[in-house]
Amino acid sequence: GAGVSQSPRYKVAKRGQDVALRCDPISGHVSLFWYQQALGQGPEFLTYFQNEAQLDKSGLPSDRFFAERPEGSVSTLKIQRTQQEDSAVYLCASSLKPMNTEAFFGQGTRLTVV
Amino acid sequence: ELKVEQNPLFLSMQEGKNYTIYCNYSTTSDRLYWYRQDPGKSLESLFVLLSNGAVKQEGRLMASLDTKARLSTLHITAAVHDLSATYFCAVDSMDSNYQLIWGAGTKLIIKP
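Chains as they are written, first to last, in my numbering: chain A, 467 to 580; chain B, 38 to 149.
It should be emphasised that the hints constitute simulated quantities derived from the structure, not laboratory data.
Only a predicted model underlies this, so the values are computations on that prediction, with no experimental measurement involved.
Hints should not be assumed to be uniformly reliable.
[As the list claims (entries may be wrong)] Each computed DMTMM-like pair below joins lysine to aspartate or glutamate, with the alpha-carbon atoms no more than 20 Å apart:
no. : chain 1 : residue 1 : chain 2 : residue 2
1   : A       : K523      : B       : D132
2   : B       : K40       : A       : E510
3   : B       : K144      : A       : E510
4   : B       : K93       : B       : D103
5   : A       : K563      : A       : E537
6   : A       : K480      : A       : D552
7   : B       : K78       : A       : E510
8   : A       : K563      : B       : E81
9   : A       : K544      : A       : D484
10  : B       : K78       : A       : E568
11  : A       : K523      : B       : E38
12  : B       : K93       : A       : E568
13  : B       : K78       : A       : D490
14  : B       : K40       : B       : D67
Kindly produce the complete structure, drawing on both the sequences and the hints.
This is the structure:
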């Protein structure tokens, strides 16, 4: 597709449930970022991939959060044993070059944990 | 620790008026970004400012950067309703391992 695509757009999970969020970056983009955006706040960095290599995962809030990009294209963010504080919009962005220049964002997945 | 503060966080203004949004950051930054976000939509890149004194303009929006003051401004000229959105600034630097650190956003409402 022409842009960054995320699915699902909305996810309601019961507390304790595992969830998987998918990101399809723009074809050929080397860099892929995941961010967490709480209501009324700016995004907060979670993790960064350059191709299939996860170069920075310093923003992942706990070991319940796991991200992968096994073939250097599609990425999945997995959250195990979801908790209410995990409720947020999860944004994916990709860029053609390493790091942040000209990063394009997807529409996000809104996760609500009940 | 790199911190980014935006001011104001909320702004309601009339069409045709001018106003400025301010973005302060706490340590040396390599790049400063301005993004726009409409409700339920993606973040859209507006400007990337790379050096002291940089000024970029697109339509009614103009962004500038003063690295000595660690300040960027986003100026809106003769506002129109379709500029209503939330505007974010973000910076990256060696201090943040070159990951973007974001401000809280400025929600701008322009009344017709």
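Keeping to a limit of 20 Å between CA atoms, is the pair of K144 (chain B) and E510 (chain A) held or broken? Measuring from Cα to Cα gives roughly 18 Å; hence the hint holds.
Need the status of pair K544 (chain A), D484 (chain A): alpha-carbon distance at most 20 Å? Holds. K544 (chain A) to D484 (chain A) sits at ~7 Å (cutoff 20 Å).
Is K78 (chain B) close enough to D490 (chain A), meaning Cα to Cα at most 20 Å? Cα-Cα ~16 Å, so holds.
Would the pair K40 (chain B) and E510 (chain A) pass a check requiring their Cα atoms to be no farther apart than 20 Å? Given that 20 Å is the threshold and the Cα spacing comes to 12 Å, the pair holds.
Taking only the CA atoms, is the gap from K78 (chain B) to E568 (chain A) under or equal to 20 Å? holds (18 Å)
Within 20 Å, alpha carbon to alpha carbon, are K523 (chain A) and D132 (chain B)? With a Cα-Cα distance of about 15 Å, the restraint between K523 (chain A) and D132 (chain B) holds, given a limit of 20 Å.
Would you check the hint for K563 (chain A) and E81 (chain B), treating anything up to 20 Å between C-alpha atoms as holding? This hinted pair holds, its Cα atoms lying about 18 Å apart.
Pair hint K93 (chain B) and E568 (chain A), alpha-carbon separation not exceeding 20 Å: holds (15 Å)
Restraint status (C-alpha distance of K78 (chain B) to E510 (chain A) at most 20 Å): Judged against 20 Å, a Cα distance of about 17 Å means the pair holds.
Measure nothing beyond the straight line between the CA atoms of K93 (chain B) and D103 (chain B); if it is 20 Å or shorter, mark the hint as holding. Holds, at about 13 Å.
Check whether the Cα positions of K40 (chain B) and D67 (chain B) lie no farther apart than 20 Å. Holds, at about 14 Å.
Quick one, are K480 (chain A) and D552 (chain A) close enough, alpha carbons at most 20 Å? Holds: K480 (chain A) and D552 (chain A) sit about 11 Å apart, inside 20 Å.
Checked against the numbered hints listed earlier, the structure breaks none of them; every hint is satisfied.
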